[in-house]
Amino acid sequence: LALPDVFLRDLFKKLEIKDRLILRLTCRAFEKLVAETNAGFFSVGILMPNNYPPYSDDNLGELRIQFGSAEFKINATEVELNQFLQFRDCLFNGISFDVFVITLRDSPILLDFVREIIKKFQIRELHIDSVEKEMQLEWMMQLMKDFPNSAFHVNLSFPPSTAKLLELPHMEVLEISQYEIQDISAELFFNLLDAHTNLNLNDVALTPDDWMSTIRIISTDNRKRRVRLWVKGSNVISWLATCGITDATEDGDVGKFTDVLTPHSDADDIALFTYRECKVLIDHFHWISGDDPVRVE
Amino acid sequence: RIYPLMRVTLTTSDGASVTVSRQLTKHSGFIEKAITDMAVDDNAVPLSAVAVDVDDATLKLVIEWLTEHRDDALPYPEKTDEERRADDIPAWDQAFVQKWDTKEDQQQTLYAVITAADKLDIKGLLDMTCKTLANKINGKTVEEMREILQLECDFTEEELAEIRKENAWCEN
Chain B
1 LALPDVFLRD
11 LFKKLEIKDR
21 LILRLTCRAF
31 EKLVAETNAG
41 FFSVGILMPN
51 NYPPYSDDNL
61 GELRIQFGSA
71 EFKINATEVE
81 LNQFLQFRDC
91 LFNGISFDVF
101 VITLRDSPIL
111 LDFVREIIKK
121 FQIRELHIDS
131 VEKEMQLEWM
141 MQLMKDFPNS
151 AFHVNLSFPP
161 STAKLLELPH
171 MEVLEISQYE
181 IQDISAELFF
191 NLLDAHTNLN
201 LNDVALTPDD
211 WMSTIRIIST
221 DNRKRRVRLW
231 VKGSNVISWL
241 ATCGITDATE
251 DGDVGKFTDV
261 LTPHSDADDI
271 ALFTYRECKV
281 LIDHFHWISG
291 DDPVRVE
Chain D
1 RIYPLMRVTL
11 TTSDGASVTV
21 SRQLTKHSGF
31 IEKAITDMAV
41 DDNAVPLSAV
51 AVDVDDATLK
61 LVIEWLTEHR
71 DDALPYPEKT
81 DEERRADDIP
91 AWDQAFVQKW
101 DTKEDQQQTL
111 YAVITAADKL
121 DIKGLLDMTC
131 KTLANKINGK
141 TVEEMREILQ
151 LECDFTEEEL
161 AEIRKENAWC
171 EN
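Heads up: the sequence lines are chains B and D, in that order. Okay, so the first sequence: first residue is 1 according to UniProt numbering, each after it adds one. Okay, so the second sequence: first residue is 1 according to UniProt numbering, each after it adds one.
Just so you know, the hints here were simulated from the structure itself, not pulled from any lab data. All values derive from a computational prediction rather than experimental measurement. Among the clues, some could well be false.
[To be verified] The calculated DSS-like cross-link candidates involving lysine-lysine, where the alpha carbons are at most 27 angstroms apart (straight line), are: (1) D/K136 / B/K32; (2) D/K165 / B/K120; (3) D/K165 / B/K18; (4) D/K140 / D/K165; (5) D/K165 / B/K73.
One chain only, chain B, in its complex shape (with noise of 0.2 angstroms):
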């Protein structure tokens, strides 16, 4: 077929992964064209481990990589490994992603394969999901080192070292689901929070203060940002006090705080108020919360 090459090109970025898998059995000018074009834009890919423990290092069990509609499954030995390497190859010579979630395990294997496979991708957002470990943590950054030009958004759910913490290059999303540990400082709180665009943290130990702090200071930033924190009940009720903000208050404006909307039944469970260009939302909340968590976003 005659058509010309920067149609050809063109036309194979329109393509599904699924569409190419099947272009490849039609004959050979085409099994080479697949391979010799790129894929085009995908607005979600994820690599992920399909099993849970128990693994070892050389038994990571099935892995499960998605572009777009397409779903391959990889029994995750070295060997097979490495031959997918070689079929990425036969079907495309680079693609886009708006977003690309990884999930990492303790595996050296796994993450030679994972740099070495996502090494032809374009990514805006490299979303490393499900952070277990100090090694794995490294292994991130080396990831991120891998894609300069890209956003990152990273989930740790475990509590790192303060040092490493700081350590952690600009996120446009940081999230640290860590349970049982103690309390992230405000000093700690303040730097990540200058540090990174988004925060999702759990049990900041915030004076009334540092909260109304926090609140200027995303309020003066001209970038759209969220910080989503869950801090216990008893912690909200009072830093709602240092706003004027109480159980009993009226539905409306009080002070420099606007819209103000607070649970004035069991049912409800939202507080809501705006300060300058800052909402916030108080999620799971009752007036006699105690040690129950409270999100604050």
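We have chain B; now place chain D onto it with these hints.
For chain D alone, kept in the frame of chain B given last:
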């Protein structure tokens, strides 16, 4: 500068002549360059004919499309990374392509228009025909794709089996 009243005569590869408004030809990078090379900038100056490597029947289809799209913004928007979607072909363009479905050589007509759009450097038409073909291919079997793209299978059975084995990594 574009002079909308200026008319341009195009001579086709099969010897026909077609005169069209500059308002239409401004969408063709090839014709615009040819006119620029003539170094005329006055409505009143008669232009030499521009030879295009497109046959008369195909050029008529191209002119029909250009007439509908004469007011499209120029330059044609640069493609972004998000050019995957092929489901946003305007209704008029869809009907324009569907008209060819009544012809036996519908595929040939589509390919002739694609080739003409490429030769004449009409980015909007190239993009629309690209989406049309992508939609035709989408979700088809290997046999259907061969038919649409007019391809002959030149693999051995062993080679096909090997490719199918690799493709089997993909679920469903």
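Hints, verified against the model:
no.	hint	verdict
1	D/K136 / B/K32	21 angstroms, holds
2	D/K165 / B/K120	24 angstroms, holds
3	D/K165 / B/K18	14 angstroms, holds
4	D/K140 / D/K165	19 angstroms, holds
5	D/K165 / B/K73	13 angstroms, holds
Taken one by one, the earlier hints all hold for this structure without exception.
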